[in-house]
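Undergrad: Keeping their order, the protein sequence lines are chains G and E.
Each residue of the first sequence is one higher than the last, beginning at 1 in UniProt numbering.
Each residue of the second sequence is one higher than the last, beginning at 1 in UniProt numbering.
One or more hints might be untrue.
Pairwise CB distance ranges, derived in the manner of DEER restraints [said to hold, decoys possible]: (1) G/I370 with E/S15: 55 to 63 Å; (2) G/E17 with E/G329: 55 to 63 Å; (3) G/T334 with E/G128: 53 to 61 Å; (4) G/K120 with E/R350: 54 to 62 Å; (5) E/Q59 with G/S15: 52 to 60 Å; (6) E/N48 with G/S15: 13 to 21 Å; (7) E/C323 with G/A2: 53 to 61 Å; (8) E/P91 with G/Y242: 41 to 49 Å; (9) G/E141 with E/G128: 51 to 59 Å; (10) E/E17 with G/A332: 51 to 59 Å.
Taking lysine to aspartate or glutamate pairs in the DMTMM-like style, the calculated list, with each CA pair at most 25 Å apart, reads [claimed, not checked]: (11) E/K25 with E/D167; (12) G/K259 with G/E377; (13) G/K129 with E/D105; (14) G/K120 with E/D117; (15) E/K120 with G/D117; (16) E/K122 with G/D140; (17) E/K20 with E/D176; (18) G/K122 with E/E141; (19) E/K129 with G/D140; (20) G/K120 with E/E141; (21) G/K25 with E/D52.
If you're looking for bench data, these hints aren't it; they were derived computationally from the structure.
Glycine residues also receive a C-beta, built at the ideal position from the N, C-alpha and C atoms.
Below are the chains, spelled out letter by letter.
There are 2 protein chains.
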Amino acid sequence: MAVYVFKFGGTSVGSVERIKAVAEKVKAAHDKGDQLVVVLSAMSGETNRLTDLAMQVQQAPVSREMDVLLSTGEQVTVALLSMALQELGCPARSYTGSQVRIETDSTHTKARITHIDDAKIKADLNAGKVVVVAGFQGVDEHGNITTLGRGGSDTTAVALAAALKADECHIYTDVDGVYTTDPRVEPNARRLDKITFEEMLEMSSLGSKVLQIRSVEFAGKYNVALRVLSSFSEGRGTLITYEESEVEQALISGIAFNKDEAKLTITGVPDIPGAASKILGPIADANIEIDMIIQNVADDATTDFTFTVHRNDFDKAKDILTCTCRELGAGAVTTDNRIVKVSIVGVGMRSHAGIASKMFKALADEAINIKMIATSEIKISVVVDEKYLELAVRALHAAFELDKDPKVTQS
Amino acid sequence: MAVYVFKFGGTSVGSVERIKAVAEKVKAAHDKGDQLVVVLSAMSGETNRLTDLAMQVQQAPVSREMDVLLSTGEQVTVALLSMALQELGCPARSYTGSQVRIETDSTHTKARITHIDDAKIKADLNAGKVVVVAGFQGVDEHGNITTLGRGGSDTTAVALAAALKADECHIYTDVDGVYTTDPRVEPNARRLDKITFEEMLEMSSLGSKVLQIRSVEFAGKYNVALRVLSSFSEGRGTLITYEESEVEQALISGIAFNKDEAKLTITGVPDIPGAASKILGPIADANIEIDMIIQNVADDATTDFTFTVHRNDFDKAKDILTCTCRELGAGAVTTDNRIVKVSIVGVGMRSHAGIASKMFKALADEAINIKMIATSEIKISVVVDEKYLELAVRALHAAFELDKDPKVTQS
Chain G
1 MAVYVFKFGG
11 TSVGSVERIK
21 AVAEKVKAAH
31 DKGDQLVVVL
41 SAMSGETNRL
51 TDLAMQVQQA
61 PVSREMDVLL
71 STGEQVTVAL
81 LSMALQELGC
91 PARSYTGSQV
101 RIETDSTHTK
111 ARITHIDDAK
121 IKADLNAGKV
131 VVVAGFQGVD
141 EHGNITTLGR
151 GGSDTTAVAL
161 AAALKADECH
171 IYTDVDGVYT
181 TDPRVEPNAR
191 RLDKITFEEM
201 LEMSSLGSKV
211 LQIRSVEFAG
221 KYNVALRVLS
231 SFSEGRGTLI
241 TYEESEVEQA
251 LISGIAFNKD
261 EAKLTITGVP
271 DIPGAASKIL
281 GPIADANIEI
291 DMIIQNVADD
301 ATTDFTFTVH
311 RNDFDKAKDI
321 LTCTCRELGA
331 GAVTTDNRIV
341 KVSIVGVGMR
351 SHAGIASKMF
361 KALADEAINI
371 KMIATSEIKI
381 SVVVDEKYLE
391 LAVRALHAAF
401 ELDKDPKVTQ
411 S
Chain E
1 MAVYVFKFGG
11 TSVGSVERIK
21 AVAEKVKAAH
31 DKGDQLVVVL
41 SAMSGETNRL
51 TDLAMQVQQA
61 PVSREMDVLL
71 STGEQVTVAL
81 LSMALQELGC
91 PARSYTGSQV
101 RIETDSTHTK
111 ARITHIDDAK
121 IKADLNAGKV
131 VVVAGFQGVD
141 EHGNITTLGR
151 GGSDTTAVAL
161 AAALKADECH
171 IYTDVDGVYT
181 TDPRVEPNAR
191 RLDKITFEEM
201 LEMSSLGSKV
211 LQIRSVEFAG
221 KYNVALRVLS
231 SFSEGRGTLI
241 TYEESEVEQA
251 LISGIAFNKD
261 EAKLTITGVP
271 DIPGAASKIL
281 GPIADANIEI
291 DMIIQNVADD
301 ATTDFTFTVH
311 RNDFDKAKDI
321 LTCTCRELGA
331 GAVTTDNRIV
341 KVSIVGVGMR
351 SHAGIASKMF
361 KALADEAINI
371 KMIATSEIKI
381 SVVVDEKYLE
391 LAVRALHAAF
401 ELDKDPKVTQ
411 S
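Starting from the given sequences, assemble the full structure and let the hints guide the process.
TA: Right, here's the structure in full:
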């Protein structure tokens, strides 16, 4: 008898009909004899509705009360799913975060789980009940309701799976798994049966958003096997595992891209100690996150410095950098916000040489000019002109034969 | 420094604007230096919206889950009011029933309060905070969320007032107090400054619904001084007190009426022991509540038996009584569902003779025929043809000079 934690997001429980469909899915799994904990988000739109109400009352709503307010969203869905399951003859019981109880610190609206009391859940599971838990919420040591922030339901599911030592944690979404790249860009994109946590982290942070990064990190830390599946269809989805040996032995697993970046360069910076921090300090002070950083020595006395930021922060970053340029007596600021970052990700590149040159050749063959390069142990990223996005992704997808099942094509 | 419990119903918190208005009212009271606990219902319409969702999922929703679902309604309003108060610079903190904690038995959807832990509330009050509590809900000994049933927010307010030994419990509604009768029937109806609990119970059960009967009974039991006031205007409202001596020394305090009754008579019943139970037993078995009962001996061997039921139960009661009539070998069944019950209520009638005859004379002067009479210690009720409702109420209102202030007109 296996123990599973299933998590369904807001779209999956967005209407009475969909809640009933989730109940059918859960009942079918329960009928197989497995023990099931189901974690739910609020109905899609509900969190926004409640936030709007709060904003009408208070421009900057008190965070403690915001948590009291928002936590009602999941309380509604767990009650309704529990009813729907019992209507199907499947014994079920709902729990709020406080009831479980899922203890957190007191950082309202973005609390962190500190402890889960699994006694009630285990008793219900052993009594043959499906346990339905409100995601996204917990309770602090003083009994205050807390929430884990957006995407917190994934975290709840992973934390429960860790506490219960569940066999797998299933994250049901509107996609049927993790793909080698975005199928809207490359129709030959293939669903991966397995992917490592490290690869998933790189894929998520690079824009192939399937799961919240925090929940993936959390799952990796506690060795929780995550599986991404579709709420709306059958299929095995993609297993995200911490066992590298279990994964398909491909050179790379996928191609991620990010269209939200902009590039800024400051040239002719005096090459003295502390120049980098003088350039990036004011950017960080303005709460602008920096992604890639490259520093080239132009000549003996000066250096060029390039970095990328989110496009939303582009104008602000440009203003700050222009000031810094004057203060440092540097040459000039040049910018480009019509760029994309394309990355190949795979644990396979650890043990295979020549991946980078294969990547650069594939891009060169299509006459795609590379503007920046950054590498990590399992990822190589390049920045190219945004007009080349589709071409670059498809060229790399073909070069690394991602459309083919590696179990068949490789020895 | 006085301690008050304020309760606002669903209409009073039915929109963001109204919640802000409630916050202004509460802040004004807090600024006077009093300690305040505010009990809220769900926004008007919200309980129905949630019930509709549940009914779409399950024809007869599981009561435990219904309570989880419905309790979110008050959780939303307490969060929003707490925000609104803090926006006005008034320190405030919200509590769900579980958080307080308001302990109840495990009778879901109509639980009874068994214990209130006032430690957190008292600590907050002593720290100068307004405490905002979700009405209608509690928690059982196993940590399950319970609700007290419709009107339960009044009960929450009274129970908190009793636990905190509050000076007064203010019930804010859409009327500005208890009137001598319904002002829509008698424009000269006068707001009462005070009324006893006993009178209030008789007025409520007779159709002048201002408060839930259960909360009035509860208030009487625990000597909680209730005051009924308007959410939407200023004024002192009506104090409902258990001290008979405090009340205006009028003969009667008010005139209640009930348009929802129907009368059934069975004639020629053999006058033998057990006849009454043979007649009323099957009616009670069908869960039909009986209001007035009159038995007249018609001759030596037979008796006539008349009773009233709610109009909704009229057809069912008539069918049952027709069967009973055959079984008992009684004469016939006659019915009348175009009747109203009009009652005069007042603790003053205990110490004054001649009230009944004054009432009957006032009706006779208007040629109103009395079909049934029933009396209790502080109430006399008559059943008359429904077309005489307004005439009867106005005649009695004038006869007992209810439009005049008794402190001025009586010695």
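Undergrad: If a hint holds in the structure, say so; if it does not, say that too.
TA: Against the structure, the hints:
Taking 55 to 63 Å as the suggested C-beta distance range, the pair G/I370 and E/S15 conforms, at roughly 58 Å. Evaluation of the 55 to 63 Å hint for G/E17 and E/G329 yields a pass: the beta carbon distance comes to about 58 Å. Roughly 58 Å separates the CB atoms of G/T334 and E/G128, a value that falls within the hinted 53 to 61 Å. The hint said 54 to 62 Å for the Cβ distance between G/K120 and E/R350, and at roughly 55 Å that hint holds.
Roughly 18 Å separates the CB atoms of E/Q59 and G/S15, a value that falls outside the hinted 52 to 60 Å. Between E/N48 and G/S15, the C-beta spacing of about 18 Å keeps the proposed range 13 to 21 Å intact. Under the hint 53 to 61 Å, the C-beta atoms of E/C323 and G/A2, about 60 Å apart, fit the expected range. Separation of E/P91 from G/Y242 is about 48 Å and conforms to the stated range, judged on CB atoms against 41 to 49 Å.
The hinted range of 51 to 59 Å is not satisfied by G/E141 and E/G128, whose Cβ atoms lie roughly 23 Å apart. For the pair E/E17 and G/A332, the beta carbons lie near 55 Å from each other, so the given range of 51 to 59 Å is met. For the suggested pair E/K25 and E/D167, the alpha carbons sit about 18 Å apart, so the restraint of at most 25 Å is met. Under the criterion of a C-alpha separation no larger than 25 Å, the hint pairing G/K259 with G/E377 is consistent with the structure, at around 23 Å.
With a C-alpha separation of about 23 Å, the suggested pairing of G/K129 with E/D105 holds against the 25 Å cut-off. Between G/K120 and E/D117 the alpha-carbon distance is near 23 Å, which keeps this suggested pair within the 25 Å criterion. The suggested pairing of E/K120 with G/D117 holds, with an alpha-carbon distance near 23 Å, which does not exceed 25 Å. Among the hinted pairs, E/K122 with G/D140 is consistent with the structure: their alpha-carbon atoms are about 20 Å apart, no more than 25 Å.
Using a Cα cut-off of 25 Å, the hinted pair E/K20 and E/D176 holds, with the two alpha carbons roughly 20 Å apart. Only pairs whose Cα atoms come within 25 Å are accepted, and G/K122 paired with E/E141 is accepted, the gap being roughly 19 Å. With a C-alpha separation of about 20 Å, the suggested pairing of E/K129 with G/D140 holds against the 25 Å cut-off. Distance check on the hinted pair: G/K120 and E/E141 sit about 14 Å apart at the alpha-carbon level, within 25 Å; holds.
The suggested pairing of G/K25 with E/D52 holds, with an alpha-carbon distance near 23 Å, which does not exceed 25 Å.
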